[in-house]
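Novice: Sequence lines, in order, name chains A and B.
In this text, residue positions in the first sequence follow the numbering used here: the first is 1260, and each later residue adds one.
In this text, residue positions in the second sequence follow the numbering used here: the first is 152, and each later residue adds one.
No wet-lab data here; the hints were simulated from the structure.
This one's a predicted model, so the numbers in the text were calculated from it and none came from an experiment.
Misleading hints may appear alongside valid ones.
To be verified - Pairwise CB distance ranges (calculated):
hint: 1; chain 1: A; residue 1: K1549; chain 2: B; residue 2: I382; range: 36 to 46 Å
hint: 2; chain 1: B; residue 1: E379; chain 2: A; residue 2: Q1311; range: 21 to 31 Å
hint: 3; chain 1: A; residue 1: D1413; chain 2: B; residue 2: G337; range: 19 to 29 Å
hint: 4; chain 1: A; residue 1: R1526; chain 2: B; residue 2: E431; range: 27 to 37 Å
Unchecked claim - Distance condition first, Cα-Cα at most 25 Å in a straight line; then the derived SDA-like pairs of lysine to any residue:
hint: 5; chain 1: A; residue 1: K1337; chain 2: B; residue 2: G274
hint: 6; chain 1: A; residue 1: K1403; chain 2: B; residue 2: L311
hint: 7; chain 1: A; residue 1: K1394; chain 2: B; residue 2: S281
hint: 8; chain 1: B; residue 1: K331; chain 2: A; residue 2: Y1390
hint: 9; chain 1: A; residue 1: K1403; chain 2: B; residue 2: V179
hint: 10; chain 1: A; residue 1: K1567; chain 2: B; residue 2: P279
hint: 11; chain 1: A; residue 1: K1403; chain 2: B; residue 2: P335
hint: 12; chain 1: A; residue 1: K1407; chain 2: B; residue 2: N201
hint: 13; chain 1: B; residue 1: K421; chain 2: A; residue 2: F1565
hint: 14; chain 1: B; residue 1: K421; chain 2: A; residue 2: R1563
hint: 15; chain 1: A; residue 1: K1338; chain 2: B; residue 2: P279
hint: 16; chain 1: A; residue 1: K1524; chain 2: B; residue 2: L311
hint: 17; chain 1: A; residue 1: K1549; chain 2: A; residue 2: R1441
hint: 18; chain 1: A; residue 1: K1394; chain 2: B; residue 2: V179
hint: 19; chain 1: A; residue 1: K1524; chain 2: B; residue 2: G274
hint: 20; chain 1: A; residue 1: K1567; chain 2: B; residue 2: N201
hint: 21; chain 1: A; residue 1: K1409; chain 2: B; residue 2: G185
hint: 22; chain 1: A; residue 1: K1403; chain 2: B; residue 2: I270
hint: 23; chain 1: A; residue 1: K1409; chain 2: B; residue 2: D243
hint: 24; chain 1: A; residue 1: K1557; chain 2: B; residue 2: L417
hint: 25; chain 1: B; residue 1: K331; chain 2: A; residue 2: K1569
hint: 26; chain 1: A; residue 1: K1403; chain 2: B; residue 2: K313
hint: 27; chain 1: B; residue 1: K421; chain 2: A; residue 2: E1360
hint: 28; chain 1: A; residue 1: K1569; chain 2: B; residue 2: C233
We put the beta carbon where it would ideally sit given N, CA and C, even for glycine.
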Amino acid sequence: MININPNDKKKPDKRMTLTDAIKTYVPDGSMISFSGMGGAQCVAPTYEIIRQGIKKLTFVGDSPCESGDMLIGAGAIKKAEIAWCSYAVAGLGYNYRRAIEQKIPHEIELVEYSNYTIGLRFLAGAINVPYIPTKSLMGSDLLKYNEKIKVEEDPYNGEKVALIPAVNPDIAIVHVSRADKRGNAQMFGFSSNAENLARAAKHTIVTCEEIVSTEEIQRHPNLTIIPEYAVDAVVEVPFASHPWNFPYAYAYDMPFHTEQLAAFKTREGFEKWLEDYCFAPGSWEGYLEKVGYGRLEKLRQLERRFTKAKY
Amino acid sequence: MSKEYAQDYSLQELLVAASAKEIMDGDVVFAGVGVPTLGAMVAKLTHAPNVIMAMESGSIGPQPYRVILGIGDNACVENSICTTSLWRLFSDQQRGYFDVGMIGGAQVDKYGNLNSTVIFGEGDYYTPASRLPGSGGANDIASSAGRTILTLPLQKRRFLEKVDYITSPGYIDGYDAREKHGLPGGGPAAIITNKCVFRFDPTTKEAYLYSVHPGVTVEEVKAEVSWELKIADDVKVTEPPTLEEVRITRILDAGQIYTGSGLKGLTFEKYVQMLETSQEILHQLF
């Protein structure tokens, strides 16, 4: 294992390959979080973590798709603190189901929250306070099965509130539209909780569709969701969310996703998928080549018909 | 203005229209993917042009020229008025800005408590017969939205005296239980099913049969509910979809992803064509 340098956040050039970034910042046993919400998912880093055979991760996230379900299926996750795990319209989280219902490939420890309260955990972590009170979860069974959440009386008005504990993951991986080599990360479109993940985590890998110059970042500073001082590594990974959509970049590849999830229905199908799309191609570039650049370009074209970022 | 009702429509199209009718002009709507989103889009393109859709990923007020395929789909960003962060959007809901939330689940009870987490079967939470995706944002919507509309298929195994697990609180055990538990939102206004619509007694907060869909009998509904169901004195027939609602639904979901089995055999070419066609037609209309 490579030792993590505490001064990495000060480096003027943080560019790395995806392989090296994962190798450096994601040792076995890490607590890890990913950006993305029903789209804009961190699919490329998920595949890389599986390829490197990383194990015993504690996963903290709101509603993961590939990063939750596939890492669970690959046996990389020991504990999941999440609100939901599935894929919505195209199919269900079959690996997650198999892990809970049949302990395949092995048992995982599960602690459940809601999307908002996971978001509050990152916010609390990002602003360095121990917890944030909320009115969510009251009267539900989430409280019954999650002993971390305390219901207390607010000391000012005596109202009941649920206290949501902060989280500071070892590593956050966030995917954004563009970044410079110092790690200033800009996003076109929704940011899920990316800005808080990056600030809360001990180390942050920013992956981006495109690396741009610092001058380009400075032209539109209001688009920056994460400043360089919260970032350890910058990786350029085009189409990192495929088959998901990425705002202003490429449309959702729903037919591909439907086929992928049909394969995930059985354990054998999932294992074959990993062999064909994760291990055999050897890299994210290999995956994209297998999907086909013609198809990817079509998804880009398709999105341009509907949305164009004017910058 | 007199309404022209459709004669020829599918059950799914009726459900989309029924969801749309629950939305009032000017509402801020927290819509999950599927029939509710389609309903919210149909509402926006018919009787409620000032609807603002709030999408869980952090997109607010989209006006897409294509069907929304996920809560973080690019269609949620298209012509939106604001793209922000997930926690920010949910905070706006907790602050009280969202009028209506639409949620589904696998089980519901007579107080509108929903379960989308786990089916115990012979086991329990830790060793369930069936693991479902979980709360996602549903608990937060149920807690804080001004009112909620629940949608699920009417089946005896789903309509239970008591759900296995309360993911999203309705009226908990009735009367003023929501206030006692400190929940800011108003609670469920209706349950829309494939056979009927339920509403809730203003005092006891128990669900009662409000309307049956055309061709459905009260007895059929009672047979699919596990508790002793209360029936409105004047049970109505659910208003059928209008011609306009059906027309818009068919343009938006031309690929029948939500209103049919369009996902099966959806080739890449057909998919691209579906999106391009919807854009062309909707641009001509709106």
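Novice: Hey, K421(B) versus E1360(A), does the alpha-carbon distance stay inside 25 Å?
Specialist: 36 Å, violated
Novice: With a cut-off of 25 Å on the C-alpha distance, tell me whether K1403(A) and K313(B) pass.
Specialist: 16 Å, holds
Novice: Holds or violated: are the alpha carbons of K1338(A) and P279(B) at most 25 Å from each other?
Specialist: 18 Å, holds
Novice: K1403(A) and L311(B) were given as a pair; does the straight-line alpha-carbon distance stay at or below 25 Å?
Specialist: 20 Å, holds
Novice: If you check the beta carbons of E379(B) and Q1311(A), does the distance land in 21 to 31 Å?
Specialist: 58 Å, violated
Novice: Holds or violated: are the alpha carbons of K1557(A) and L417(B) at most 25 Å from each other?
Specialist: The hint holds at about 16 Å.
Novice: Next pair to validate is K1549(A) with R1441(A); report whether the Cα-Cα distance is within 25 Å.
Specialist: Between K1549(A) and R1441(A) the Cα gap is close to 32 Å, so the pair fails against 25 Å, i.e. violated.
Novice: Holds or violated: are the alpha carbons of K1394(A) and S281(B) at most 25 Å from each other?
Specialist: 29 Å, violated
Novice: Regarding the pair K331(B) and K1569(A), is the alpha-carbon distance no greater than 25 Å?
Specialist: It is violated: about 50 Å lies between the C-alpha atoms, which goes past 25 Å.
Novice: Starting from K1569(A), check that the Cα of C233(B) is at most 25 Å away, please.
Specialist: Holds. K1569(A) to C233(B) sits at ~15 Å (cutoff 25 Å).
Novice: Mind checking the hinted window 27 to 37 Å against the Cβ distance between R1526(A) and E431(B)?
Specialist: 43 Å, violated
Novice: Could you grab the alpha-carbon distance between K1407(A) and N201(B) and see if it respects the 25 Å cut-off?
Specialist: 41 Å, violated
Taken one by one, the earlier hints fail for this structure at numbers 1, 2, 4, 7, 9, 10, 12, 16, 17, 21, 25, 27, listed in ascending order.
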